[in-house]
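From just these sequences and the hints, can you work out the full model?
Going down the list, the protein sequences come from chains B and R.
Note that the working numbering numbers the first sequence so that position 216 is 246, with each residue one more than the last.
Note that the working numbering numbers the second sequence so that position 167 is 179, with each residue one more than the last.
Just so you know, the hints here were simulated from the structure itself, not pulled from any lab data.
All residues carry an ideal CB built from backbone N, CA and C; glycine is no exception.
Treat the hints with care, as some may be off.
[Claimed, not checked] FRET-style restraints, in silico, Cβ to Cβ:
#1 B:K55 / R:K43: 48 to 56 Å
#2 B:N287 / R:K119: 18 to 26 Å
#3 R:L200 / B:K218: 36 to 44 Å
#4 R:N172 / B:N287: 16 to 24 Å
#5 B:K185 / R:N66: 33 to 41 Å
#6 B:I116 / R:K119: 21 to 29 Å
#7 B:K167 / R:E37: 56 to 64 Å
[Claimed, not checked] No more than 27 Å apart at the CA atoms, straight line, and that leaves these computed lysine-lysine pairs for DSSO-like:
#8 B:K101 / R:K35
#9 B:K98 / B:K274
#10 R:K204 / B:K274
#11 B:K188 / R:K119
#12 B:K55 / B:K208
#13 B:K32 / R:K116
#14 R:K69 / R:K116
#15 R:K126 / B:K148
#16 B:K148 / R:K25
#17 R:K126 / B:K283
#18 R:K25 / B:K100
#19 B:K286 / R:K126
#20 B:K248 / B:K169
#21 B:K72 / R:K135
[Said to hold, decoys possible] Covered stretches of chain R (chain B as the covering partner; in silico rule of three or more C-beta atoms under 8 Å from a C-beta of chain B):
#22 28 to 37
#23 126 to 134
#24 147 to 156
#25 199 to 211
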Amino acid sequence: MKLIRIIPSLLVKDNFLVKGENFKKHSYIGDVYNAVKIFSEKNSHEIILLDIDARRNKKSFNLDLIKKIKKEIFVPLTIGGGIENIDQVSAIIDEGVEKVSLNSNIEKNFNLVEQVSKKFGSQSSIASIDVRKIDNKYKVYFRNGEKFSDLDLIKYIKNLENAGCGEIILTSIDNEGKRCGFDIELYKLCHELVSIPIIAHGGAANLNSFTELFDNTKISAASGGSCFVYYGKRKAVLINYPNKLEINELMNKYEKN
Amino acid sequence: MIAIIDYDGGNTKSILNVLNRCKIEYCVTNKESEIIKSSKIVLPGVSNFSYCMNSLKKYNLDIIIKNQILIDKKPYLGICSGMQVLGTFSEEGNTEGLNIIPGKIKKLPINKSKIVPHVGWNKIFFKDNILCNNILNQTRFYFCHSYYFEVENQNHVLMNANYGINFCCGLRNDNIFGIQFHPEKSLLDGMKILQNFAKI
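So, in structure tokens, the structure goes:
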């Protein structure tokens, strides 16, 4: 039995929605607020919003934008980007945000994961890990894929669970934005390491990518970007999410298995 | 006026956004005078049972709430750990609860195929009750928890869900209600639950 989750993961830059490939070449998609509102209206399971410029600009996520968004969406929201201390986490959670995602700043301050878990509970403490496959090995990268780290992926994941992290968003940089399907091998490597959920990310092309992942791994949650903001081969911008019937059918199927 | 109990760390904003949307009147408070003036009480959940109990005790809210719901019979809705604190005892931090509805709070079993916490949109199975008016049986709601309420008296069970095991996700004793899932994060059906409670 699997309780599946299919989650739009949206990138924010200068308060606008963008999307790229392999963490590069970001192009403008549209207004964050409207997009997020549409996903909530389409009964999306959850929404992940990551500000890809926040850390570089030495800021955390725009709180006014969060305030505006939280009035309109009634599904769980994860916020990430540039978060480096517990005060920033508190400010975000105070706006009613359910989960906060930490990434690059864990590198120099691993303690932050534990601080967030202790203060707000594991369910609010999410870690994002970005990996690239090099010489057949998965390597962890920080800072939007720019900084190589010699952390051992498996140890890193286990350490995060031990620190009270409630979920891990594991992204394949190689597949991100390519709409080539998830890196099944990566998730097979990691799916039995921990008992907390791992959210697969990177490469989703359509609903089949998700079922391929769910069928072949123990992963039960996955997120997509391009497949929910683009339509067709020419990548026309269209905010979309599988309809309720389709999703329900899938959920029922995996519940029974 | 519904009193939303405010205790340190309790994330109340999501629920306030929903109440605003539904035009339900509320105040957010931990003061006895305001709670006494209210007509109903909602205790939103944070994750950790012992943290929740300790915060309630710190503001004397355990006694205030008991007086209000057991003696004055005000309708009470506990969400997530707000439901769990109604129990006798929790394995989470080995802490005693308010002991209003007999039962133990236990950790969801982890076996090879299971992931804990139980996160996601799961079906609820309910017997007809006032909270579920206008809601179809087996509707999905958003859950996020690692512990569940093992209720002693089956008459108190209103709703069940299944995640490896069948467990109680909604209970009632007279004017006192508790739900394990999060109506404030469960779209329109979640709003209906809160509206139904507001109408009691």
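### Structure versus earlier hints, numbers of those that do not hold, lowest first
none
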